[in-house]
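S.K.: Here is what each chain is made of, one letter per residue.
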Amino acid sequence: GAVVSQHPSWVICKSGTSVKIECRSLDFQATTMFWYRQFPKQSLMLMATSNEGSKATYEQGVEKDKFLINHASLTLSTLTVTSAHPEDSSFYICSARAWDRAGLNTEAFFGQGTRLTVV
Amino acid sequence: GENVEQHPSTLSVQEGDSAVIKCTYSDSASNYFPWYKQELGKRPQLIIDIRSNVGEKKDQRIAVTLNKTAKHFSLHITETQPEDSAVYFCAASPYHNFNKFYFGSGTKLNVKP
Numbered sequence: 001g002a003v004v005s006q007h008p009s010w011v012i013c014k015s016g017t018s019v020k021i022e023c024r025s026l027d028f029q030a031t032t033m034f035w036y037r038q039f040p041k042q043s044l045m046l047m048a049t050s051n052e053g054s055k056a057t058y059e060q061g062v063e064k065d066k067f068l069i070n071h072a073s074l075t076l077s078t079l080t081v082t083s084a085h086p087e088d089s090s091f092y093i094c095s096a097r098a099w100d101r102a103g104l105n106t107e108a109f110f111g112q113g114t115r116l117t118v119v
Numbered sequence: 120g121e122n123v124e125q126h127p128s129t130l131s132v133q134e135g136d137s138a139v140i141k142c143t144y145s146d147s148a149s150n151y152f153p154w155y156k157q158e159l160g161k162r163p164q165l166i167i168d169i170r171s172n173v174g175e176k177k178d179q180r181i182a183v184t185l186n187k188t189a190k191h192f193s194l195h196i197t198e199t200q201p202e203d204s205a206v207y208f209c210a211a212s213p214y215h216n217f218n219k220f221y222f223g224s225g226t227k228l229n230v231k232p
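Line order of the protein sequences matches chains A and B.
If you're matching positions, the first sequence starts at 1 in the numbering used here and goes up one per residue.
If you're matching positions, the second sequence starts at 120 in the numbering used here and goes up one per residue.
To be clear, the hints were calculated from the coordinates, so they are not data collected in a lab.
Take the hints with a grain of salt, since some may be wrong.
Which stretches of chain B does chain A cover? Using the computed rule of at least three CB atoms under 8 Å from a CB of chain A, they are [unchecked claim]: (1) 183-189; (2) 222-229.
A short list of chain A residues far from chain B (calculated; beta carbon distances all over 10 Å) [to be verified]: (3) Pro86; (4) Asp88; (5) Glu107.
A short, non-exhaustive set of chain A residues, derived as facing chain B with CB atoms under 7 Å [said to hold, decoys possible]: (6) Pro8; (7) Ile12; (8) Cys13; (9) Gly16; (10) Ser43; (11) Gln112.
Ideal Cβ placement from N, Cα and C applies to all residues, glycine included.
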């Protein structure tokens, strides 16, 4: 099946620095990717929709200047957490959906997630 | 927007028993309902999904039922095994924004040997 690869799997950074997380679709083209945030023992909260070649769409309450999204190609989306603070520490996961032969969306494929710790 | 509610938040069953997790959704435009299993620190994995044109789907020990009128769908796991222990999430996806998933709050399933 389709594979979505996310890197890094974990990162520790100092408060005030920026961190970039990459999400790649390995064997399919993804015009749209999604970024989620997950707090411990909680659900996946959709942060933003990343659109190839255009601006990302952010969910209500998510600061677009804080979480910069770039989707420069059909296989790569990046999330940059700018001026990170301890409260940004979380598990970030990307996902993308592929198309099957019937032209229907298939399941969402998730990256392996990135555990961000800001100290 | 869509609102997905999931119950229960935790569920403990004895190995071999059945487990049922229920979700409701609010947007009648939703037409795709996947269920994901997530083990600690790992990515969610699809275990079964259903589209709004069917009422039930089964895959070995796992089944999903959908009631469009009542706007609820359920996950049924029979003959549970310890390796079924994980967090399960339901989700709903509206046809007019087919890429977007709205997730339920999750159910932590514990299967006791």
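S.K.: Now, for every hint given, state plainly whether the structure supports it.
M.R.: To see whether the hints hold, each was checked on the structure:
1. 183-189: violated (count 0)
2. 222-229: It holds: at least three residues are needed, and the segment 222-229 of chain B offers 5 whose Cβ sits within less than 8 Å of chain A.
3. Pro86: holds (20 Å)
4. Asp88: holds (18 Å)
5. Glu107: Answer for A:Glu107: violated, closest chain B Cβ roughly 4 Å.
6. Pro8: For A:Pro8, the interface hint is violated, since the closest Cβ of chain B sits about 14 Å away, which is over 7 Å.
7. Ile12: Status violated, d = 15 Å.
8. Cys13: It is violated, given that the least Cβ distance between A:Cys13 and chain B is near 19 Å, above 7 Å.
9. Gly16: violated (27 Å)
10. Ser43: OK, holds: A:Ser43 within 7 Å of chain B, min 5 Å.
11. Gln112: holds (5 Å)
Checked against the numbered hints above, the structure violates hints 1, 5, 6, 7, 8 and 9; every other hint is satisfied.
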